[in-house]
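Number of protein chains: 2
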Amino acid sequence: MKIALAQLNYFIGDFKGNIDKIISSIKKAKNQGADLVIFSELSVSGYPAQDFLEFDDFIIKCDNAVKSIAKECDGIAAVIGSPSFNKNNKGKRLLNSAFFLADGKILSIANKALMPNYDIFDEYRYFEPAKDFNIIKFKDKKIALTICEDLWAEDDRPLYPLNPMEELIKQNPDFIINIAASPFSFNQAKKRKEILVKNSKKYHLPLFYVNHVGAQTEILFDGGSLVINEQGKIIDEFEYFKEDFRIYDTNNLNDISNKNNPAEKIQLIHDALIMGISNYFQKLNFKKAILGLSGGIDSAVTLVLAAKALGNKNLKAILLPSEFSSDHSVNDAVALAENLNVDYNIISIKDIYNASNKTLKPYFNNLPFNIAEENLQARIRGLLLMAFSNKYGYILLNTSNKSEAAVGYGTLYGDMCGGLSVLGDVYKTDVFKLAKFINKEKEIIPNNTINKPPSAELRPNQKDSDSLPDYDILDKILYNYIELHKGPEHIINLGFDENIVRKVLKLVNINEYKRRQTPPILRVSSKAFGMGRRMPVVAKYLL
Amino acid sequence: MKIALAQLNYFIGDFKGNIDKIISSIKKAKNQGADLVIFSELSVSGYPAQDFLEFDDFIIKCDNAVKSIAKECDGIAAVIGSPSFNKNNKGKRLLNSAFFLADGKILSIANKALMPNYDIFDEYRYFEPAKDFNIIKFKDKKIALTICEDLWAEDDRPLYPLNPMEELIKQNPDFIINIAASPFSFNQAKKRKEILVKNSKKYHLPLFYVNHVGAQTEILFDGGSLVINEQGKIIDEFEYFKEDFRIYDTNNLNDISNKNNPAEKIQLIHDALIMGISNYFQKLNFKKAILGLSGGIDSAVTLVLAAKALGNKNLKAILLPSEFSSDHSVNDAVALAENLNVDYNIISIKDIYNASNKTLKPYFNNLPFNIAEENLQARIRGLLLMAFSNKYGYILLNTSNKSEAAVGYGTLYGDMCGGLSVLGDVYKTDVFKLAKFINKEKEIIPNNTINKPPSAELRPNQKDSDSLPDYDILDKILYNYIELHKGPEHIINLGFDENIVRKVLKLVNINEYKRRQTPPILRVSSKAFGMGRRMPVVAKYLL
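Line by line, the protein sequences give chains A and B. Mapped onto this note's numbering, the consecutive letters of the first sequence carry residue numbers 11 to 553. Mapped onto this note's numbering, the consecutive letters of the second sequence carry residue numbers 11 to 553.
Examples of chain B residues toward chain A, derived with CB under 7 Å:
hint, residue
1, Asp-24
2, Glu-64
3, Lys-100
4, Asp-361
5, Leu-370
6, Phe-374
7, Ile-381
8, Leu-386
9, Lys-401
10, His-495
11, Pro-546
12, Val-548
Covered stretches of chain B, as calculated for chain A (at least 3 residues, CB under 8 Å):
hint, stretch
13, 66 to 79
14, 163 to 169
These aren't lab readings, by the way, just hints derived from the structure by calculation. Yeah, the Cβ is synthetic: ideal placement off N, Cα and C, and Gly gets one too.
Assemble the whole structure, with the sequences as input and the hints as a guide.
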């Protein structure tokens with residue numbers, strides 16, 4: 011049997027677009043002699059459609075899409091994913107279904123049994139888990155059709171009450187299909203491959219794995235679809251961060267050498283962020299981005315990534331020096347813009363700052379310069395950038411990094427403005443690594459930007475290290491707290507100073523109010539701020 | 011047996027505070043001769059603790075709290091709620107437990123079986139559902155100890171695979187205890203009473219129901235704990251929006267006439283918002299609020315509610331007229347501030363606006379006045395209010411209503427700034443009703459504020475009705491879409507103009523990016539923007 015795998019970039023709720031994309035791949039597969047073509051989980055709706063799934067109208071549109079795609083399955087079969095109504099009078103309203111389409115109709119349906127409901131996942135919010143399992147017979151083959159998490163049942167510490175493959179294997183399938191929407195994080199591809207290989211080995215079956223690719227707001231899908239033979243050997247691996255389409259003969263699953271191993275962490279983050287920016291703009295039908303270029307490393311790296319994603323001609327950099335900005339900051343920012351051939355303007359915030367201080371003077375009673383005036387500068391920058399955005403239709407890119415977002419080192423409605431946060435899931439120490447990665451062939455980001463001590467430049471001679479521990483210490487503490495969920499005692503026992511640890515954890519917790527108001531953050535780690543980390547604003551833990 | 015019910019306001023993660031509060035009620039109950047005192051669901055941790063539950067350190071602190079409370083149960087028993095580790099090597103890491111404490115130790119544990127995982131609820135994210143059920147024997151009584159949703163199994167369309175009471179009833183309990191954290195919405199108390207009465211009647215058992223009270227960021231708990239006799243008659247009903255404590259004799263469950271029926275919708279919203287503001291400030295240890303007072307109805311109602319919550323002496327109103335503000339707006343705002351005896355300043359935004367335009371002029375190439383300049387005014391107001399906030403420690407109250415938030419009729423980083431959104435879950439038509447409710451005894455909010463056509467006053471002669479359908483039409487369309495999840499065809503079939511319906515639904519969907527960056531919104535309806543309504547920013551549904 012010849013099987014095609016279509017790794018595509020869907021768009022949530024764009025039924026026409028998703029249908030066209032799927033049908034076009036069905037035709038391509040048929041033209042190339044495939045018997046079956048496989049698409050990823052919830053391909054018809056896009057993933058995650060979140061609470062759109064609560065609208066009957068949305069599900070009816072999915073149903074209709076499935077029917078119209080089925081009609082195209084003439085002389086070829088297809089597996090597509092779609093939410094569907096749970097027709098049983100029990101349990102959640104919906105099922106997460108894999109439709110096996112053949113002969114112009116729905117031949118069979120397999121429903122997902124294991125519903126991830128952690129981190130960014132909310133599947134048990136919508137979907138009733140399947141409780142019975144049947145292999146699908148097609149031509150001379152018996153197929154175990156599974157959906158993403160269905161293969162993630164773990165034997166040693168089972169999260170779920172059952173293991174779908176243990177049921178399906180009793181029916182002697184010839185191979186496994188797994189359709190997935192498995193989001194990227196820099197350590198996920200490795201883990202995913204291990205799990206899938208483990209399944210192939212355990213059940214002695216070939217496995218065809220089709221993943222989503224592309225960005226859905228903050229959630230990035232890296233693709234990396236796989237074909238694994240019955241010995242558990244990966245015989246082919248799809249492109250990362252790109253659509254891809256390949257065909258295999260089940261009778262002849264030879265090792266194909268165009269494998270595409272996922273790269274190292276920093277390269278993965280780099281590629282993922284570029285896809286994230288690019289898809290955000292494409293899908294929203296925007297072309298042009300603007301950002302504030304400070305001469306610091308965060309806005310520098312953001313600008314380079316945006317230039318790679320959108321093209322340098324679609325960017326506008328605004329330098330917004332204040333009286334506390336150093337000359338080298340402006341020079342470094344100009345050098346970068348010129349290296350990238352990006353249009354830039356230098357606009358002083360002085361007049362607006364002076365007018366603001368004059369307006370406030372009668373009410374501020376000669377109180378000393380403090381955080382109010384510091385934030386005022388950042389907010390005037392936000393105000394000017396948003397004025398450009400509103401006047402010319404630029405989308406403002408937010409340049410805050412994860413370390414800052416964690417400890418609240420940023421001004422709400424100031425440098426925290428923007429439509430999309432590019433680096434909000436990248437710790438400062440990794441931002442430095444990204445800068446060096448970008449510069450590995452030539453100096454694009456001025457070395458001075460990389461080498462000088464980080465500073466917000468909102469008061470004379472300010473340095474980040476006045477308020478925060480060194481980033482290599484801070485980031486390790488944050489990683490232990492945020493990614494690993496370690497408490498203060500554990501982190502102190504790792505050898506960090508107790509006062510610093512307690513201060514950092516407290517800063518993380520009290521600054522939840524700021525993070526609630528930040529733009530969507532492109533998720534590249536296993537625990538990003540945003541939908542995968544849900545915290546009350548009002549709480550007293552570790553304060 | 012004498013049973014005390016303690017309806018208390020907990021604070022998430024404030025273990026010391028929650029323990030002290032619980033122990034103090036245990037002592038009070040004991041002094042008053044009670045055999046047993048009942049506290050609400052997850053009383054030890056506060057609810058919803060969200061992802062703090064993922065920290066072992068947090069759960070260990072809960073464990074220790076339970077142990078230290080148990081030690082106080084000498085001569086009296088207590089039921090408290092706490093998360094606990096799932097010691098079974100299967101399923102989710104935690105259980106949502108009710109601890110029955112007596113003789114200085116944990117006598118028995120009942121675990122929650124039905125995990126709400128819809129709207130604001132994420133319980134299946136953390137908790138493994140209980141699968142076996144045992145009544146608790148205490149003194150001469152057999153007790154069916156259940157937790158909140160456990161009594162919400164519905165017979166006609168079961169959401170869950172089992173019904174805990176059907177198991178417990180087999181063991182012949184004498185009465186039911188239900189400990190809850192059932193959040194307020196203006197129609198929830200009625201539904202809750204129906205469900206609880208139905209349980210009492212079905213099983214012919216008395217029911218002691220103890221709910222949370224108080225606000226946890228945006229989630230409001232109204233209390234209204236209940237005692238129901240075995241005929242399903244409500245014999246006592248606790249205070250709404252206040253802590254309360256009462257004692258009953260199980261052998262003598264007479265109808266008590268100090269019942270406290272929940273009020274009508276507008277009064278409920280009014281009372282709930284006041285508690286929401288008040289608790290937000292108390293728990294964060296802030297006293298003073300600031301807001302921009304425009305002369306319009308939203309900021310007027312917000313100021314009145316804040317004055318009731320925080321006291322007029324803790325408020326600062328800033329009037330920020332622009333060249334497009336009408337005289338009556340300023341007069342109406344001044345009249346309100348004076349009616350409430352709230353400190354106010356009138357600060358012109360003109361100088362900053364002119365300086366901003368001058369700064370931008372070289373880049374705006376004489377392009378006509380548009381949304382950029384409109385938003386500039388709103389953002390200058392945000393900037394000035396935040397400067398006051400930073401200089402003096404005021405928390406800025408956001409004054410946007412739900413209708414505006416729905417269709418994106420507001421300026422991000424402008425009038426959408428704030429630490430807490432007071433009216434973000436109240437449709438404009440209900441804001442008018444709130445204003446009339448506030449004025450029912452005397453004219454606090456100037457009638458002119460209530461009667462004039464709503465306007466943002468950001469360009470000459472602007473009215474909301476230039477851009478939006480009349481609010482009585484808009485709000486009905488929004489209610490059908492947001493609360494009832496109806497699609498466009500259904501809403502059009504109700505008799506609304508097709509173009510208006512499609513335009514409104516599109517506005518709701520494309521403005522998700524703004525709502526992602528709004529402050530927490532006090533939840534008073536069954537579907538508020540925020541954690542209970544999760545939507546992708548990038549999507550094409552109904553566009």
